[in-house]
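Peer 1: Sequence order for the protein chains is U and H.
For the first sequence, numbering that gives the first Met the number 0 begins at 0 and goes up steadily by one.
For the second sequence, numbering that gives the first Met the number 0 begins at 0 and goes up steadily by one.
Don't take every hint at face value.
Mimicking DSS-like on lysine-lysine, the simulated pairs with C-alpha atoms at most 30 Å apart in a straight line are [claimed, not checked]:
1) LYS46(U) to LYS215(U)
2) LYS170(U) to LYS30(U)
3) LYS80(U) to LYS46(U)
4) LYS131(U) to LYS79(U)
5) LYS152(H) to LYS92(U)
6) LYS152(H) to LYS104(U)
7) LYS9(U) to LYS80(U)
8) LYS46(U) to LYS152(H)
9) LYS79(U) to LYS92(U)
10) LYS129(U) to LYS196(U)
11) LYS30(U) to LYS152(H)
12) LYS30(U) to LYS129(U)
13) LYS79(U) to LYS53(U)
14) LYS212(U) to LYS170(U)
15) LYS180(U) to LYS152(H)
16) LYS212(U) to LYS80(U)
17) LYS212(U) to LYS199(U)
18) LYS152(H) to LYS196(U)
If you're looking for bench data, these hints aren't it; they were derived computationally from the structure.
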Amino acid sequence: MMILTQAVGKGCPNRPEDVKALHRRLMEIGKIPCYVSQGTLDDRIMKGIMDVQKHFMHAPDGVIQVNHTTHRLLNHWSVKKVSPGVQLPGRLKTAWDLVNPILPKGSYCSSGYRSAESQRRILQRFYTSKYKSAIIAKYGQTQYDSARSDMLAHEDEILTMVRGVGQAIAKPGSSAHQRGKAIDLGGPATIDNQQVKIIKLVARAHPSLLSGKVIKERNGCVHFELV
Amino acid sequence: MNTKYLTACAAIACLLTLSCTSVVSDSLPADSEKAATPRKTSPYFPMSVGNRWHYSCSVEGEHVFDKTLTIVALEVHQGTEYFHGQLQVGDDPSTLNLFYHADDLGGIFMTFDPALADETLLVTANPLSGDRIGNCQVAGEELVETPATGEIKALLIENFSLDNPQLQDEQRMEWEGKHYARGVGLVSEADGLGGSCVLHAFHLQNP
């Protein structure tokens, strides 16, 4: 816990003990290299403050007020995990790196890029297994068999039939995950609202990267999208 | 044991069964007979002719279609009472027929064809956290918010728990879960791909 007695940063009182505490915290989170501070605000510490604020401020001001956003987020700063198998190429990685350290404790990245093939595999499993009886009951064996004979060629028809028995599923290739534009966050339900708040904060600071669309999905994830 | 007594009991039981069957089937076709009285069912899936649940379904927050399940009749097929449901999806005028019946313990089973033995247990009468229901498990009760009910306590039945950071992304996509609320029925269902259906309105004949 970094305790500040007065504001630190550009134009602030910068009491030596406060500067030392900030210096220590910035080293801990890897925003500045390790060196000994005499309690004086220097360029490296200033750069560290700006780097921290770039995560959630469109125009970092270089000021840390006691118990305000930068101070609070610095205290909770921690690197969160990514679930096995999650792919975060290109801008997804950039977005994740921005939100990651300021997300509430217990958060993790549960999904990123998904191939259209993954979605297709699940659509086909729904068709050939989970909803097979329902589809045959509604559309008949003949129509089922016809589409089953070449599922790729009949993909639109299969999608219509799977939706027709009540399963909401995206067309393979159309989901934001498959376009490399979505990340899902996991974690206990109690932190969902905090996750949403942080994503919206980062989206306001980076409107060219994050669209601001954040959804608390019914599967427990918090889903957010890139521009 | 007295053989005459047993014979008499069997005869009475036989007469009772026949008389019940005849009341139900007197004026109705053999395969789809309307039954006289509804039986007790799970409080998590209240069954009564005229009950209706309307859902809004979306993927990743984008509306895809609405669907409505209506219980249209109580029928008897091969001696078993079934609530006949019709699921209407989007603008499609054709419906999917679903048949629900309760076992002696109040568990609700569903089939698409009562003539087949292919039934799925949806929910038991008194589900408890940790119970297995078919291939799923009861995760426990949690607060769920729907336009139809506001915030309501609902029972989550899922195929596995998503609450594990070590779960592979591929596995997450296979997740499926349903929330049932006591006295209401299915209030939401979701999958690991971001698809979900949420209760927007409902009507219970005998709330």
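Peer 1: All hints, please: hold or fail.
Peer 2: To see whether the hints hold, each was checked on the structure:
Restraint check for LYS46(U) and LYS215(U): the C-alpha separation of about 35 Å exceeds 30 Å, so the hint is violated. A threshold of 30 Å between alpha carbons decides the hint, and for LYS170(U) with LYS30(U) the separation of about 42 Å lies outside it, so the pair is violated. At most 30 Å may separate the alpha-carbon atoms for a hinted pair to count; LYS80(U) and LYS46(U) meet this at roughly 26 Å. Among the hinted pairs, LYS131(U) with LYS79(U) is inconsistent with the structure: their alpha-carbon atoms are about 40 Å apart, more than 30 Å.
In summary, the hint linking LYS152(H) to LYS92(U) is not supported, as the alpha carbons are separated by about 37 Å, beyond the 30 Å threshold. Annotation: proposed proximity of LYS152(H) to LYS104(U) holds, straight-line Cα distance about 26 Å (limit 30 Å). A distance of roughly 33 Å separates the Cα atoms of LYS9(U) and LYS80(U); the hinted pair therefore is violated under the 30 Å criterion. With a C-alpha separation of about 49 Å, the suggested pairing of LYS46(U) with LYS152(H) is violated against the 30 Å cut-off.
At roughly 13 Å between alpha-carbon atoms, LYS79(U) and LYS92(U) fall within 30 Å of each other, so this suggested pair holds. Between LYS129(U) and LYS196(U) the alpha-carbon distance is near 37 Å, which puts this suggested pair outside the 30 Å criterion. Straight-line distance between C-alpha atoms of LYS30(U) and LYS152(H) comes to about 44 Å, which puts the hinted pair past the 30 Å bound. A distance of roughly 50 Å separates the Cα atoms of LYS30(U) and LYS129(U); the hinted pair therefore is violated under the 30 Å criterion.
With a C-alpha separation of about 18 Å, the suggested pairing of LYS79(U) with LYS53(U) holds against the 30 Å cut-off. Taking the CA atoms of LYS212(U) and LYS170(U), the gap is near 20 Å; set against the 30 Å cutoff, the hint holds. Using a Cα cut-off of 30 Å, the hinted pair LYS180(U) and LYS152(H) is violated, with the two alpha carbons roughly 33 Å apart. For the given pair, LYS212(U) sits about 22 Å from LYS80(U) by alpha-carbon distance, which is consistent with the 30 Å threshold.
In summary, the hint linking LYS212(U) to LYS199(U) is supported, as the alpha carbons are separated by about 8 Å, within the 30 Å threshold. For the hint pairing LYS152(H) with LYS196(U), the CA-to-CA distance comes to about 25 Å; that is within 30 Å, so the pair holds.
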